[in-house]
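S.K.: Here are the chains, one letter per residue:
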Amino acid sequence: MNRINAILTWISDIALAPVQSWSPAVVLVLLSVVAGFVMTVVFRYSSDQQGLKRVARLTKAQLMCLRIFKEDLGVALRCQRDILKSIGRRLWLSLPPMAVLIIPFLLILTQLSLRYEKRPIRPGESVILAVELSPDAWSDVSGDVSIQVPAGVVIETPPLRDAGEHTVYWRVGLRDPVAGQVIVHAGFYALQKSFVGVDETDRLTTVSARRPGSGFFDRLLYPGEPGFADDSPVMSIDIRYPARSTPIFGVDIPWWGTFFIVSMLTAICVRPFLKVQF
Amino acid sequence: MMAAIRVTLTAIALWALGRLLAHETAVQEAYIGPGAGIALLGSFFAVFSAFLSAFFFVLSWPVRMVWRGLRGGRPYAAAKAKKVVVLGLDGLEPTLTEQLMDAGRLPNLAKLRDHGVYARLGTTCPPLSPVAWSSFSTGTNPGKHNIYDFISRHAPTYRPTQSSVHVRDSRRKLKIGPVIIPLSRPQVCGLRKSKPFWNVLGESGIFSAVLRVPITFPPDRFRGVQLSAMCVPDLRGTHGMFSYFTENGGTGDTTDGEVGGDLIPIERTGDTVRSFLRGPPNTLVAGEPEMRLPFKVTRGRNGSATLHINGQKVTLEPGRYTDWVAIHFRTLGVIKIRGICRFFLKRFDSPFELYCTPIQIDPEKPIMPISHPNNYSRYLARLQGTFSTLGLAEDTWSLSERRLDEDAFLTQAYNIHAEREEMFFDALKRVPRGVVVCVFDGPDRIQHMFWRYIDERHPALRNGDRERHRNVIPDMYEKMDDLVGRTVETLDDDTVLFVMSDHGFKPFRRCVDLNAWLLDNDYLALKEGARRPGTSYLADMDWSRTKAYALGLAGIFLNVEGREGQGIVPARDAEALAREIAAKLTGLRDPENNEVAIHEAMPRETVYHGPYVSSAPDIIIGYNVGYRISWDAVIGKCGPEVFCDNLKAWSGDHCIHPDLVPGVLFCNRKLDLTDPNIIDLAPTTLDLFGVRKPAYMDGKTLLCADASN
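As they're listed, the protein sequences go chains A and B.
Position one of the first sequence corresponds to residue 1 (the numbering used here), numbered consecutively onward.
Position one of the second sequence corresponds to residue 1001 (the numbering used here), numbered consecutively onward.
Honestly, the hints are just simulated from the structure, not real lab data.
Any given hint could be a false lead.
Unchecked claim - Here are the computed lysine-lysine pairs in the DSS-like style, where the Cα-Cα straight-line distance is at most 25 angstroms: (1) B/K1700 x B/K1080; (2) A/K70 x B/K1313; (3) B/K1082 x B/K1670; (4) B/K1313 x B/K1336; (5) A/K53 x A/K85; (6) B/K1111 x B/K1648; (7) B/K1313 x A/K275; (8) A/K60 x B/K1693; (9) B/K1429 x A/K60; (10) A/K275 x B/K1336; (11) B/K1648 x B/K1700; (12) B/K1193 x B/K1173; (13) A/K70 x B/K1111; (14) B/K1173 x A/K60; (15) A/K85 x B/K1429; (16) B/K1429 x A/K53; (17) B/K1080 x A/K53; (18) B/K1670 x A/K53; (19) B/K1082 x B/K1700; (20) A/K70 x A/K275; (21) B/K1336 x B/K1173; (22) A/K70 x B/K1365; (23) A/K275 x B/K1346; (24) B/K1365 x A/K275; (25) B/K1670 x B/K1648; (26) B/K1584 x B/K1080; (27) A/K60 x A/K85; (28) A/K53 x B/K1365; (29) B/K1584 x A/K70.
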């Protein structure tokens, strides 16, 4: 997974290089449109279109049935039951294309998350850095955990140890822009985590908020840095960067909300041309 | 293979979704593309609206009950049955039914007879479907409902008109250059008078579902649902014009009146055939040119072909109907006139032959109302898929013209029957209390077209092979019996079931040309030089010397002064003349076999009573078994001789004397069957719901005095 993540991050860095200087919101909208179109095409060919069409028509019929046969409570309730059955059927028919789309879509979303979920900190801002140890390592090395920050970054607080969470926290502040590594010493181990602080936060920047552990999903969802090995005393290192804001027409909605809405709108717009039934 | 892949993918998706959703920070990553997103969102909204409406429905139920109680009391309080189901089997013949029941081939009808009642059901004069079903629905004689035939005439001009519906064009139009913009909507006016019993029931708060009962176009407005039937036109405004595309033979109309078909030429270039569908006139353009929809057919594999029409590709398998194909004609480039049709490829190789059904109104996007409420046809189309909407849906003419063979016609008739069954059973499910009426036309159409196979004397098959299709009619009776059986299975003890036909069926061997007879007897005169048979719709008549003329199936009109445009018979002499002609025609014999051809000819006043008697033909002709009016005389032509053989595939008929062609009536309750008639069904149904019979109804209740017990 580490290797796949590295390749994907490399590819997306290259792909996004030409639009690096553009507004992140514009890039997000463009990417959402492209993703919406491509995924609609994939959906069309990986789903049972006839079945979906049948169920969609049936659901509409059952909704009409509610209005037409409203005389009788029993009939109306049976219509409701039929509607729920149709909806279940529709969702069931949506599962095969979901299976086809789930991996590529997840990879796209995690790459977007790497760029849109968090923003780098600016000089003068501080962030929390959290090192989660494995339960086994906690008793052995929790007293022997320290961090080494790159030039331009200062450690503002002594370590705070939370035995319940097996986590050690520091607050670090940025004095000057930096793109380097924080080194975490845990016993005999020295582990790295990227750290990024910039003057200008409006540009599209890769921000890895977490160096994941050895779990598959952890690595899948945080592709910015390689995951720790199974025997590592450190399970993850998190830097609690501030959330990135990508307002669309002045409305501040989460990046995934924008992606969700724009890709769906794209799908709805191209649907008649591609003759797709969702 | 595909199914296995889909199941595997479904399992993967479920597992992956579960894992993702279980991950604490991954909810937004669970969005798997717009397709699934829309499916999920759409489902959410559907669930939401379903729950909202359920919530509203349940909450408002007591209020609505109180409101209904205040307005109309308890509609079902006096009902003797919870539900009444009328299963109309158009044209089911009592003699055949009885024979087949006795032979054990109709077990469900026999059971109904044994546990309930069975009788021959009196029919109307004339025993035609539009007349009989109008009497069924209104409980009146034709003098009160105004329907006497399929066609009538506009007396001042002698032009043929539809008897049941009048379409009035937009009254105000704005003309801008070649474009005509209607400023008001065209009006479709029903000509059937009196009130059908479902309207009477609706006024008492009782719900009815009325499916495909003839003469319900335009649809009635009442408490319930209705799907129109006979007289719903095709997209071109006719009773049904098929299209036949061929490169062999001549081109031109094969039309006979408002039914029939078009022969349309094709152009072949290599493996591509091009032609066009004829559409309705473009009323938004000056001159109202006909709209046309071009299409091409390309050669496929194994004898199949691909039809390219309206941007769609439809596979044509030789000898098989396509599914319904939704098409549209564009008027002014933007407004779409939508229709549906089915194609039947006979041969791609030369000579190319392709049949297309009449282009029918799309039930999902009807260009004029064909149901009540308007969205009922859309509901049905979405529920069961699109379906035939044409009034006379089974294309008998294509078989008569030998454009379809018997097997293709049967397939078409049973496809339509299957559509009808689906909507009927849905109505049975959706109407727990009230009335469900559904008429199945299949028996009528099939008997019209296959009677020659069970009639040894029929001239249409004098030297032909009867064996191949001898069982079509008995098999059809078995299918109807099966339908009755499945219907009975859905009913409970509180439901009354009527199985009935509007008339029976008899052979139609010999044609009687009434216009030729009138000519021979100096009641009719032709224009100088007119040939026989001449032009349709009375165009050859010399009105200055014509006293009487025949048009339509029912009878003869007198050319009355002051009523007809060029009438010559003084009104005071009309009744005497009608009696004179009726007397001469009664007992008219066929010189070829000396059989009586006309059982009884009746002046209209002796048959009808009511406010609309004046619309009836002046003389109603009750033919003997084996006879009917000739094909020429029906459309106002004067044929060369009075009697001739009927050589068409249309070999059975029922337009004879009503006493000779009763229908059938079965019921699962005991009834008083003293001379039951089709006009008794309406009062009986009202009585079953405790609703008083309106004074205008002629029928009587068939319920026994102790029916409530």
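S.K.: It remains to establish, for every hint, whether it holds in the given structure.
M.R.: Each hint, compared with the structure:
For the hint pairing B/K1700 with B/K1080, the CA-to-CA distance comes to about 17 angstroms; that is within 25 angstroms, so the pair holds. Pair hint A/K70 plus B/K1313 does not hold up; C-alpha atoms about 40 angstroms apart against a cutoff of 25 angstroms. Only pairs whose Cα atoms come within 25 angstroms are accepted, and B/K1082 paired with B/K1670 is accepted, the gap being roughly 16 angstroms. Between B/K1313 and B/K1336, the direct Cα distance comes to roughly 19 angstroms. Compliance with the 25 angstroms bound is thereby established for this hinted pair.
Between A/K53 and A/K85 the CA atoms are separated by roughly 15 angstroms; this keeps the pair inside 25 angstroms, and the hint holds. Among the hinted pairs, B/K1111 with B/K1648 is inconsistent with the structure: their alpha-carbon atoms are about 37 angstroms apart, more than 25 angstroms. Note on B/K1313 and A/K275: the hinted pairing holds, with a Cα-Cα distance of about 13 angstroms set against a maximum of 25 angstroms. In summary, the hint linking A/K60 to B/K1693 is not supported, as the alpha carbons are separated by about 39 angstroms, beyond the 25 angstroms threshold.
Simply put, B/K1429 and A/K60 have alpha-carbon atoms about 18 angstroms apart, close enough for the 25 angstroms limit, and the pair holds. Between A/K275 and B/K1336, the direct Cα distance comes to roughly 19 angstroms. Compliance with the 25 angstroms bound is thereby established for this hinted pair. Our distance criterion of 25 angstroms between C-alpha atoms is broken by B/K1648 and B/K1700, whose separation comes to about 40 angstroms. With a C-alpha separation of about 30 angstroms, the suggested pairing of B/K1193 with B/K1173 is violated against the 25 angstroms cut-off.
Straight-line distance between C-alpha atoms of A/K70 and B/K1111 comes to about 35 angstroms, which puts the hinted pair past the 25 angstroms bound. Between the alpha carbons of B/K1173 and A/K60 the distance comes to roughly 37 angstroms, so the proposed pair goes past 25 angstroms and is violated. Of the pairs offered as hints, the one joining A/K85 and B/K1429 holds, with about 17 angstroms between alpha carbons and a cut-off of 25 angstroms not exceeded. Distance hint between B/K1429 and A/K53 is fulfilled; the C-alpha atoms sit about 24 angstroms from each other, no more than 25 angstroms.
At most 25 angstroms may separate the alpha-carbon atoms for a hinted pair to count; B/K1080 and A/K53 exceed this at roughly 44 angstroms. Taking the CA atoms of B/K1670 and A/K53, the gap is about 47 angstroms. The hint is violated against a cut of 25 angstroms. A C-alpha spacing of about 21 angstroms is found between B/K1082 and B/K1700, which places the hinted pair at or below 25 angstroms, so the restraint holds. The hinted pair formed by A/K70 and A/K275 fails the criterion: a straight-line CA distance of about 34 angstroms is larger than 25 angstroms.
About 19 angstroms separates the Cα atoms of B/K1336 and B/K1173, which keeps this hinted pair within 25 angstroms; it holds. Between A/K70 and B/K1365 the alpha-carbon distance is near 23 angstroms, which keeps this suggested pair within the 25 angstroms criterion. A C-alpha spacing of about 30 angstroms is found between A/K275 and B/K1346, which places the hinted pair above 25 angstroms, so the restraint is violated. For the suggested pair B/K1365 and A/K275, the alpha carbons sit about 19 angstroms apart, so the restraint of at most 25 angstroms is met.
For the given pair, B/K1670 sits about 42 angstroms from B/K1648 by alpha-carbon distance, which is inconsistent with the 25 angstroms threshold. Of the pairs offered as hints, the one joining B/K1584 and B/K1080 is violated, with about 50 angstroms between alpha carbons and a cut-off of 25 angstroms exceeded. With a C-alpha separation of about 13 angstroms, the suggested pair A/K60 and A/K85 falls inside the 25 angstroms cut-off, and the hint holds. Proposed proximity of A/K53 and B/K1365 is supported: the alpha carbons are some 17 angstroms apart, at most 25 angstroms.
Taking the CA atoms of B/K1584 and A/K70, the gap is about 59 angstroms. The hint is violated against a cut of 25 angstroms.
When the structure is compared with the earlier hints, violations turn up for hints 2, 6, 8, 11, 12, 13, 14, 17, 18, 20, 23, 25, 26 and 29 and for no others.
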